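The sequence shown begins at 1 in full-length UniProt numbering and counts up by one.
Keep in mind the hints are simulated off the structure, nothing from the lab. Hints may be right or wrong, so weigh each one.
Taking lysine-lysine and the PhoX-like style, the derived pairs with C-alpha atoms no more than 20 Å apart in a straight line are [as the list claims (entries may be wrong)]:
id	residue 1	residue 2
1	Lys82	Lys340
2	Lys82	Lys341
3	Lys252	Lys82
Taking CB as the label site, the calculated pair distances span [to be verified]:
id	residue 1	residue 2	range
4	Ala424	Leu186	17 to 27 Å
5	Gly303	Val54	28 to 38 Å
6	Lys349	Arg406	46 to 56 Å
7	Val251	Arg398	34 to 44 Å
8	Val357	Asp399	32 to 42 Å
9	Ser428	Val162	36 to 46 Å
10	Trp150	Tyr432	43 to 53 Å
11	Ile410	Gly95	20 to 30 Å
12	Met309	Leu170	23 to 33 Å
13	Leu138	Arg398	45 to 55 Å
14	Gly303	Phe361	33 to 43 Å
15	Leu138	Ile403	39 to 49 Å
Bear in mind that the values here come from a model prediction, so they are computed numbers and not experimental data. Glycine residues also receive a C-beta, built at the ideal position from the N, C-alpha and C atoms.
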Amino acid sequence: MSPVVGAHVPLLPESKVRHAKPATVSGAVFNIATSIIGAGIMSIPATLKVMGIVPAFLLILVIAVLAEISVEFLMRFTHSGKTTTYAGVMREAFGPVGAIAAQVCVTITNLGCLIMYLIIIGDVLSGKQQESDKEVHLGILQQWLGIHWWTSRQFTLFITLVVVMLPLVLYRRVESLKISSAISTLLAVAFVTICSVLAIVALVQGKTEAPRLFPRLDHNTSFFDLFTAVPVIVTAYTFHFNVHPIGFELVKPSDMTTAVRIALILCAAIYFAIGLFGYLLFGDSTQSDILVNFDQNAGSAVGSLLNTMVRLSYAFHVMLVFPVLNFSLRSNIDELLFPKKPLLATDNKRFLILTLVLLVFSYIAAIAVPDIWYLFQFVGSTSAVCLAFIFPGSIVLRDVYGISIRKDKIIALIMVVVAAVTSAIAISTNVYNLFGDKS
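Whenever a hint applies, use it, and build me the whole structure from the sequences.
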């Protein structure tokens, strides 16, 4: 899409806009919630282990509020201008460089998440081997059917992509994904519910440790280590790449405000619940990927069944999150690579080729890269923070339409400075810990 086409026309052709049924608020809520609840949920319990319950709870609330404010900033400047895309808003504020920066960040964030989702699905269904200790974690299919070529990571991921994800990524309107998004949200709730039941049972049986309300700083954990938990929560609330596709399918702007608020409240509740009960269940042994904890032997038939249900519910959840993130990723890559081409939804050949290329690349990367946790953490400290807070705050400070009041600029400045400083500290601490462990 050219700057004129990509930034100044509706997401759908005019003839289709008149005949297309408007999206509903409930559908928008489920699509937003699905965009929010992705790979980040599995690391929420680990943030409580690092920060303690009280600071982590406050962090979950504060970032949720800031996410709502940043979305309001984005939509206000969108409706004041002539654009319908995130990149278009950045182009109006900072020129072509701003648009390219937004598109690159969306690409890095979403592509990283899609690869991470496939790795998680592969871990759950086909297991993995820890190269550090050569410990083998069998997947569910391997536990049920044995180790064969048809239970391998390569085959199960291929079947999952073809049978589940390909039909969903071929939809051209994000509203069409509302049913799969609703199912995905319900699976996330089921994931939290089962974890809660397991934690309550363990609590009644006296098998849980007393949780820490505040962080414990010792020779193993420094004050700066606390900042490494912030990007995890920020990434868990990064859905801004889908604000425009979802918002412009609604009847009026106020519907998007309502949908965002409801979705954020729902997701904040889910995050705190899974964080609290996951931390209660595993205590200081909580892993950065909580699914690793559920891979352990439960010691009873019922416990093993619940562990399997937890892993399956999460695997199916990320399968249904995949097409929602793929939607914005595909649009941004098309706008970045083909700025002078017609609208993507109107070009069948380009739409199919780009869709298949993204699926194939994600599949190959998920097979080639066994674990991208550290890479994902660094990406979450950069591109995700930019999309969620730094870019929206910078748009307000730039104020090309003169619509920002003093309060807006103060909030935007605080948002940008805190996000930049926190991310810099988190990246520096991660780099220091990474190379410090090797020395």
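Quick rundown of the hints versus the structure:
1. Lys82 - Lys340: holds, 18 Å
2. Lys82 - Lys341: holds, 19 Å
3. Lys252 - Lys82: Holds, at about 16 Å.
4. Ala424 - Leu186: 17 to 27 Å: violated, 38 Å
5. Gly303 - Val54: 28 to 38 Å: holds, 30 Å
6. Lys349 - Arg406: 46 to 56 Å: holds, 50 Å
7. Val251 - Arg398: 34 to 44 Å: Since Val251 and Arg398 have Cβ atoms about 29 Å apart, the given range 34 to 44 Å is violated.
8. Val357 - Asp399: 32 to 42 Å: holds, 38 Å
9. Ser428 - Val162: 36 to 46 Å: holds, 42 Å
10. Trp150 - Tyr432: 43 to 53 Å: holds, 44 Å
11. Ile410 - Gly95: 20 to 30 Å: holds, 25 Å
12. Met309 - Leu170: 23 to 33 Å: At roughly 30 Å between Cβ atoms, Leu170 and Met309 fall inside 23 to 33 Å, so the hint holds.
13. Leu138 - Arg398: 45 to 55 Å: holds, 53 Å
14. Gly303 - Phe361: 33 to 43 Å: Taking Cβ atoms as reference, Gly303 and Phe361 lie about 39 Å apart, which means the hint holds.
15. Leu138 - Ile403: 39 to 49 Å: For Leu138 and Ile403 the Cβ distance comes to about 57 Å; the hint is violated.
Hint compliance for this structure: hints 4, 7 and 15 are broken, all remaining hints hold.
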